[in-house]
Amino acid sequence: MSEAIKTFFSPSVLGPEIFYGSSVALFLIGLYMVLVKKNLVKIAIGLTFIESGVNLFLISIGYVWGKTAPILNKTLMMGTPSKEVVDPVPQALVLTAIVIGVAVTAMALSIVIVIHDKYGTLNISKIKELKW
Amino acid sequence: MMKLLYFIGCFSGGALLAFLLGSFSPLLKKFITFLAVILGAVLFATMGTSTYQLSLLFGNQVIFGIDTLTQFMVWMTLGIAFIVSLVLWSHSELSPTFFALFLLNVLGTVLIFMSRDIVSFFFSWELMSWTAFGMILSDGWEKKRSAAVKYFMWSAAGAYMVLIGFSILFAATSAIRFENIVMSVGRVSHGWLITAIAFLVAGFGVKAAMMPFHVWAPDAYSESPHPFTGFFSGILSKTGVYGIFIAFFYLAARLEAVPMLRVHGTSIFGYIMVWIGAITAFGASLIAVHQEYGKKLLAWSSVSQLGYIIFAFGIADSLGMTGALSHALAHALFKALLFTILAGVIMRTGTDHMASLGGLIKRMPLSFIFAVVGGLALAGIPMTIGFTSKWIIYEAGINGGYIFPTTLIFAASTAAFLYYYRFVYSIFLGPLHEEHQNVKEVPATYWISYILLAIPIFYFGLYPGKLVGIISTILQSYNLPALTTYTATSVTTPLGTFNGMVVGLGFGAALIVGLIVYFIGGRVRKAASQTDKYLAGEVVTNEFELHYSVDFYRFLERKLSWLLKISAQKFYEFIGELIRFVADINRKMFFCGNGQAYLYYMTIVLTILILSIWRIKP
Amino acid sequence: MNAVGLNITWIIFMPILVIIIGLFYLGAARKITARIQNRYGPPIYQNIIDVIKLFSKKNPTNHGVMFSLGPVMAFSGMLISLLFIPIGNKALLSFNGDIIVLLYLLVIAPLGMALGVGEGGNPMGTIGIARALTLMLGYEVVLVISIISVILYTGSASFMEIIKMQSGGVGHWFIWPLFLSALAMDMALQGMLGEKPFDQPVAPHEVASGPMVEFGGKYLGLLQLYHAIGIVVETGIFVNLFLGGGTLFWWFVKSFAVFFVALLINAVMPRFRIGQAFAFFWTYPAAIGLIGLILVAILK
Amino acid sequence: MVSPILLIAIPLFMAFSVPIWGLISKKLPKLVPFFTFAITTAILVSLLPTLFSGQQGFNLTSVTIAGIKPPYGINLTFGPASAFFALIIQLVALAASLYLFEYEPPEPAEKFYMLFILVVLGATGMVLTGDIFNMFVFLEITSISSYALTAINKTGHSAEAGFKYLLLGSLGSTLFLLGIALLYGSLRTLNMAQLSLYIHQGHLDPKVLMAVVVLFIVGLGVEAELLPLNGWVPDAYEAAPIPVVSILSGVVAKAGLYALARVLYTIIGIETGVLNLLLIFGILTLLSGELSALRQKDIRRLLAYSSIGQMGLIILALGGGNSPMAMVGGLFQAFNHAIAKGLMFLALGIMAAGFNKWDMESLAGVGKAKPYTTFLFTIGLLSTLGLPLFSGFWSKFLIIFGLVHSGQVVYAALALIGSVIEVVYFARLLGYLYGKDPSEELLNSTLESKKGFALLGMTFLAAFVILIGVYPDFITNFILGGTAELVYKSFYISSILGGI
Amino acid sequence: MTKAKPPKGLKGWAQGRSLWMLHFCTGCGAIEMPPTMTSRYDMERFGITPMATPRQADLLLITGYLTVKTLKRVIRSYEQMPEPKYVVGFGSCTVNGGMYWDSYNTIKRLDLYLPIDLYIAGCMPRPEAIIDGFTELIEGIKKGKFDGWIRYKENLEYYKRNQAMVMDIRKWSLDAELAERIWNEVQEERRKRFERATVKHVYELAERIPEGLPK
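Chains as they are written, first to last, in numbering that gives the first Met the number 0: chain A, 0 to 131; chain B, 0 to 617; chain C, 0 to 299; chain D, 0 to 499; chain E, 0 to 214.
Among the hints, a few may not be true.
Keeping only pairs whose Cα atoms sit at most 27 Å apart, straight-line, the calculated DSSO-like set for lysine-lysine is [said to hold, decoys possible]:
| # | chain 1 | residue 1 | chain 2 | residue 2 |
| --- | --- | --- | --- | --- |
| 1 | B | 558 | B | 569 |
| 2 | A | 117 | D | 26 |
| 3 | D | 153 | D | 26 |
| 4 | D | 296 | B | 569 |
| 5 | A | 117 | B | 587 |
| 6 | A | 125 | A | 37 |
| 7 | C | 30 | E | 141 |
| 8 | A | 127 | B | 587 |
| 9 | E | 141 | B | 361 |
| 10 | A | 125 | D | 296 |
| 11 | A | 125 | D | 356 |
| 12 | A | 125 | D | 26 |
Honestly, the hints are just simulated from the structure, not real lab data.
Please construct the entire structure, taking both the sequences and the accompanying hints into account.
Right, here's the structure in full:
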């Protein structure tokens with residue numbers, strides 16, 4: 000089963016473009032939500048979409064087909080680690096970025112709650128008391 | 000080095016002390032100001048002609064130097080500053096800030112004349128500009144705001160034009176000292192040189208109230224604190240004149256070399272300045288004729304007189320330069336005198352609305368006498384310094400062949416009689432108003448300052464050669480053409496001669512003859528009362544308005560309305576409207592308040608930039 | 000030494016002579032005007048009688064020190080101007096000042112009078128002064144244009160130089176080459192002399208003789224003297240600039256001829272309104288003068 | 000051993016220990032920011048002498064973290080530029096923290112202080128770090144704390160402003176992250192020196208490089224208040240509490256500016272033509288900011304727009320980087336702007352204290368009601384206008400000279416037109432402040448004498464303004480060093496990587 | 000105190016030969032003046048010219064009847080003239096009221112209020128008569144015969160009292176103090192007379208005829 004999946008996702012079939020493509024797709028979906036949707040919550044979700052797209056892009060940079068996770072164990076210590084594991088740095092980056100993304104989303108949603116309390120609406124085009 | 004620091008420290012320390020201690024005692028602020036000016040003058044006297052270096056920016060040496068021109072201008076400045084500080088003894092109501100800013104202003108003005116490099120020049124220039132603004136505001140009230148803002152805006156615009164001119168010169172020559180710029184100005188291309196000098200002249204022209212950059216001047220002069228106005232109009236405008244002199248001196252020789260710019264035997268800049276000066280003088284004096292407020296009238300008159308100076312600078316030969324510099328001094332003296340007198344009148348009566356004044360000769364005879372003296376100089380009557388300088392300017396204009404501008408200048412001078420008579424008549428002559436029956440003469444500080452100002456006015460009028468001598472020395476030290484045909488009492492130009500002493504003695508003798516004839520005539524009867532006038536047998540009471548002073552030259556105004564309608568003010572107001580419109584559009588577009596719109600802008604910028612990447616060739 | 004002594008004597012006697020001749024001018028003016036109007040007219044020395052009478056009047060009203068000083072200053076100012084204009088090839092003081100100096104000396108007199116009138120405080124007097132100054136703004140421009148064209152033509156602003164250049168007979172007078180300038184200046188002269196159609200400042204029917212309204216007795220006497228000198232000086236400028244000066248006799252003949260032209264115009268013309276007069280000066284005479292000036296500038 | 004790490008470590012510790020202090024005494028958390036910044040400022044000042052040694056006249060130290068040397072480990076760089084910006088941040092933060100002594104923050108107060116310290120911490124981290132991803136992290140720390148601080152009032156306005164800020168800020172930082180990803184994907188390193196070296200050696204496709212530039216400019220432009228990305232600025236400045244505003248303009252914006260300068264100058268390099276972009280962005284930001292302020296009635300918004308204009312001027316100066324003069328002017332202006340704007344906002348806070356109306360009409364005549372505060376405000380204002388005797392004069396002078404020197408006369412002229420507009424609205428503002436009589440309400444508001452500590456902090460800033468205005472050489476060495484560090488890539492690279 | 004005398008000799012001659020007149024064109028005499036001044040009779044032969052203001056004038060012409068209202072202005076103008084000054088009355092109206100003898104608002108005898116130097120009789124006098132009168136005036140002035148202004152000064156109180164009978168002199172007199180005093184006296188007198196007034200007295204008062212003649 001895992002072999003089948005492996006084959007299906009192998010570069011010979013789809014290539015690494017699938018990751019880039021889907022990250023761009025995520026980014027664009029997020030952008031669409033952010034730019035078109037009027038609901039604050041949807042906009043917040045759009046932001047997370049964009050973030051996910053960027054995160055996917057980041058991690059797919061470092062992914063090398065057929066290598067293992069960058070966890071040092073005895074097997075790896077025997078050979079040359081750099082040739083057998085994927086690049087560990089993007090993974091670390093993505094972990095950090097995800098955490099940050101969560102924080103931003105939480106922040107956004109908490110502000111949305113306040114806005115809903117005070118304005119009674121979530122429509123972004125009605126929330127413009129501060130202007131000019 | 001140390002002397003310069005003492006000099007700067009004297010003024011800035013005085014300013015600090017006046018600011019800090021002034022709120023405790025009004026006497027202290029006046030005393031400190033007075034002392035600082037005197038001390039500064041003493042220090043300056045000990046400095047002689049020398050050069051000082053200060054390490055200021057990035058360890059660069061900025062240069063302050065004193066030469067004959069500097070001495071001339073600085074003594075003028077310190078003299079008028081002394082007059083102002085003297086007059087200020089009677090003005091406790093002004094805030095300590097005013098006194099502090101006044102000292103800083105004097106310092107800035109003096110440093111302008113002393114600076115020998117771009118950095119220190121611009122530093123002093125800006126210092127002088129903003130302190131003057133502060134002074135307008137420190138005395139400030141509701142209605143003065145617009146005048147102050149207008150002044151500040153224009154002086155900033157002027158300063159920035161100067162800055163651009165200087166920075167072009169710097170970029171082209173990599174030198175900040177004037178002497179180095181002169182040495183390497185040959186490397187500058189013609190285009191840049193013309194741009195630089197255009198910016199410089201326009202920038203200095205703002206300060207010298209050159210049309211069409213004059214619109215700030217009447218308002219600012221008339222709204223500035225009354226004792227200070229004489230300094231403001233007499234000296235601060237001269238910094239612009241000085242700047243034009245400097246710009247021309249350092250760059251004109253280079254411009255002369257450009258053949259396509261030569262018109263009428265001189266560079267086209269000179270020609271343009273002659274015309275601008277003439278139009279400024281003529282237009283401003285026509286406007287001055289129709290003013291209803293004394294300060295406004297004198298302010299427009301200042302603009303007009305500065306037009307004479309610009310006119311003379313444009314001619315730029317020995318006569319023109321001499322005329323310009325001597326008129327700079329003349330204008331400083333008589334305008335300071337007239338503004339100080341007006342300050343006294345305002346102090347005593349509380350208004351400068353000419354129709355509300357009148358008949359003050361009965362209560363303030365001294366002020367009247369000196370108003371006549373100042374007016375004689377303003378109108379350019381022989382025996383006063385005003386004639387000496389104007390005469391040289393006329394001769395320069397005719398001698399240089401600038402016939403039409405000279406005609407305009409003459410007309411401006413005639414218009415000066417018109418507004419001057421209106422000024423002195425409406426304020427001092429005519430019937431005395433009921434509410435001014437108990438007005439007192441100005442205090443001693445005032446009339447001492449009148450006398451101090453009147454002495455040089457007459458001295459240089461009777462000894463025109465002395466004035467020309469001073470200026471010739473200055474011009475010779477700059478290797479400029481100088482007028483050399485003069486004796487102590489007379490000046491000779493290619494066209495004619497003027498002997499101040501002969502005119503003075505002759506007029507004195509004529510006056511004696513006139514008085515003898517007068518006393519032959521026997522006794523006179525004093526008028527029974529103020530209303531003892533011929534009014535077709537009618538008797539009027541004091542309440543009846545007999546003071547002919549509103550719309551004094553109505554008939555003239557009617558005939559000239561087409562000319563007076565042309566207004567730079569309206570043009571600038573249109574520009575201002577336009578800018579406000581653009582500002583509002585900008586504000587409502589980029590800061591519309593909708594968070595999503597901001598994201599749109601971000602996306603658009605991102606898209607445009609990303610798309611523009613494809614244009615990059617690898 | 001002798002020449003200097005003569006000069007000083009001349010300087011002292013000249014004014015007296017000019018005053019008397021000026022008063023005769025005024026008398027002649029009245030006589031001529033009367034004859035034009037088919038009247039007999041007063042004797043030609045009538046103005047001398049008037050002056051004597053005016054100085055003999057008692058207790059004219061005085062409104063203050065400046066009021067008294069005004070006519071004195073007017074008289075003295077005219078007197079000093081007189082010394083700066085060469086009369087009959089006699090230079091007097093005119094080596095010490097040129098035409099422009101004279102132009103500004105000429106201003107002292109009206110200014111003094113204006114200050115005196117001002118202290119008189121009569122609104123009609125002030126209106127007269129305002130009119131006079133407006134008129135002055137009008138004709139001064141024309142005058143200056145003409146004078147500049149003469150200076151441009153000769154290259155000198157000194158009277159004696161200009162007169163010297165015109166020596167050698169009628170054909171050398173500048174009125175021929177500078178005809179347009181001379182014409183413009185003559186128009187300006189009409190305003191300067193205050194003859195009709197430019198007598199708005201003193202118009203007796205409108206402002207009760209304008210500036211003179213409060214002056215009586217010796218004040219008026221001084222002003223009469225001032226006026227008498229003024230006529231000689233003002234016509235003298237024209238004579239010196241355009242008619243080539245001349246010996247004493249011919250100088251006064253020419254001067255009177257110039258005045259006579261003004262008188263003829265005066266006798267037959269009504270009065271302009273002040274605005275019209277001002278506008279007139281800035282249109283036709285100024286245009287004529289400018290054309291003349293341009294011609295000089297081109298031909299020179 | 001004093002190490003630059005302490006500049007980050009101490010605030011981090013203090014920030015999270017605020018609740019503990021709160022347990023001891025309710026009043027103690029108030030003091031924590033001040034003491035934190037006092038300590039960090041002291042550390043910074045004690046570190047300054049090490050900067051000015053060595054052959055070039057200045058020195059750049061690289062501090063490794065956890066013992067792994069760059070380019071493999073994360074490092075902090077402590078050079079003149081970093082130290083200069085750190086100094087700006089610490090000075091403003093110190094003055095603002097003094098203001099907090101008499102300030103009643105919105106509840107929960109402890110979190111307010113915590114976030115307050117975190118913003119400064121993040122900004123300090125941004126200017127000190129030598130690793131680009133680390134910079135992203137610190138950027139996020141700064142910006143998330145700023146969102147929270149902006150919205151902390153819990154009013155509708157503050158929430159709205161906070162949300163707008165969050166929208167733009169998070170999208171911007173995501174784009175920044177994307178740029179980092181592109182760089183890492185191409186060059187496989189995150190160390191800035193290494194990146195700089197590789198780019199300099201031409202290992203990067205120019206198109207990718209430009210894409211990275213675009214992403215960085217747009218990403219960091221949100222913090223640096225570039226034109227179309229600055230919609231949040233006036234709103235946040237209007238809605239946030241005054242100490243936060245001074246921090247936003249003096250600290251956050253400067254950190255964003257530093258990041259932009261560091262990334263574009265050191266990593267990308269000016270030879271790639273980024274300067275034109277900066278010039279265009281700069282001039283548009285400048286003109287838009289000044290024009291928007293022209294008819295503004297609310298003083299907070301006015302200052303916000305003015306702040307935008309000033310940032311535009313700095314960006315413009317950075318765009319004139321062909322001439323070191325403009326660059327020096329830009330950095331100098333960054334310093335002046337931070338100090339002066341911080342001063343103005345703090346003074347404004349006292350002017351409107353106990354009164355809470357911020358439009359010109361209500362505050363008219365405050366010069367008579369609260370003379371000393373208004374005096375300090377005026378000093379900041381005059382410095383912003385670039386008038387002599389105040390520090391702003393020198394920076395504006397240098398910027399214009401530098402711009403013209405680098406051939407950008409038109410930009411210089413446009414910038415000066417913007418300055419004239421600035422003069423107009425500030426002069427009008429001064430007219431209001433001094434020209435009228437104060438209203439009854441204003442006279443009855445909180446006295447300025449009750450705000451002694453805040454005034455102390457502001458006096459401290461004002462003293463800096465005047466000191467530098469009178470004697471600019473007090474700080475110019477520092478700025479020259481900073482300029483050199485930013486512009487001379489080889490020096491930076493060799494200092495970090497130990498020679499090439 | 001030496002008594003003032005009219006000028007003689009050169010002064011008198013000049014004064015006579017140069018009479019500047021201020022003509023108060025109150026009645027039909029005004030019609031007779033233009034022919035006298037213009038081509039036919041040409042008064043300017045004698046140096047007589049019209050002047051616009053009393054300050055410059057020597058001669059005050061009252062050319063016809065005077066109402067009380069006009070009288071005030073005439074007095075004011077007369078007092079403003081410099082000395083020596085002469086007054087000439089034209090026609091019978093100035094002598095005794097003429098055809099206005101019973102008018103309620105004209106004055107009948109001008110010499111009660113102003114010192115008249117010369118009357119020219121007639122209703123109205125023709126230009127020939129006027130010329131004749133002026134010639135006599137000129138000759139008289141040359142000889143120092145006319146001294147009206149001196150009489151006016153010496154009998155000022157008398158004239159003022161007479162004037163006070165018909166008008167409020169306080170406002171119209173140059174010498175304000177004297178006018179005030181006389182006015183108060185006259186009013187006091189009047190009040191007393193009203194207190195003991197009968198109908199007959201009231202009629203008398205209404206006629207308002209002053210008593211006595213100047214010495």
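- 27 Å Cα cutoff - pair residue 125 of chain A, residue 296 of chain D: Holds, at about 23 Å.
Take a quick look at whether residue 127 of chain A and residue 587 of chain B sit within 27 Å of each other, Cα to Cα.
12 Å, holds
Is the hinted pair residue 125 of chain A and residue 356 of chain D satisfied, with a Cα-Cα distance of at most 27 Å?
-> Roughly 25 Å between the alpha carbons, so the hint for residue 125 of chain A and residue 356 of chain D holds.
Is the Cα-Cα distance between residue 125 of chain A and residue 37 of chain A 27 Å or less?
With a Cα-Cα distance of about 9 Å, the restraint between residue 125 of chain A and residue 37 of chain A holds, given a limit of 27 Å.
- For the pair we were handed, residue 30 of chain C and residue 141 of chain E, check the Cα-Cα distance against 27 Å. The given pair, whose Cα atoms are some 24 Å apart, holds under the 27 Å limit.
- Message: For residue 117 of chain A and residue 587 of chain B, compute the direct alpha-carbon distance and say whether it is at most 27 Å.
- Response: 24 Å, holds
Point to revise | Restraint status (C-alpha distance of residue 125 of chain A to residue 26 of chain D at most 27 Å) | key: Distance ~40 Å between residue 125 of chain A and residue 26 of chain D Cα, so the pair is violated.
* Holds or violated: are the alpha carbons of residue 558 of chain B and residue 569 of chain B at most 27 Å from each other? -> 21 Å, holds
Original post:
Taken at face value, is the distance from the CA of residue 26 of chain D to the CA of residue 153 of chain D at most 27 Å?
Top reply: 22 Å, holds
Check: Between residue 296 of chain D and residue 569 of chain B, does the CA-CA distance stay at or below 27 Å?
Finding: 25 Å, holds
With the threshold set at 27 Å, check whether the alpha-carbon distance from residue 141 of chain E to residue 361 of chain B stays at or below it. Not satisfied, since the Cα-Cα distance of roughly 41 Å exceeds 27 Å.
key: residue 117 of chain A paired with residue 26 of chain D [C-alpha distance capped at 27 Å]   = 31 Å, violated
The structure fails to meet hints 2, 9 and 12 from the earlier list, while all remaining hints are met.
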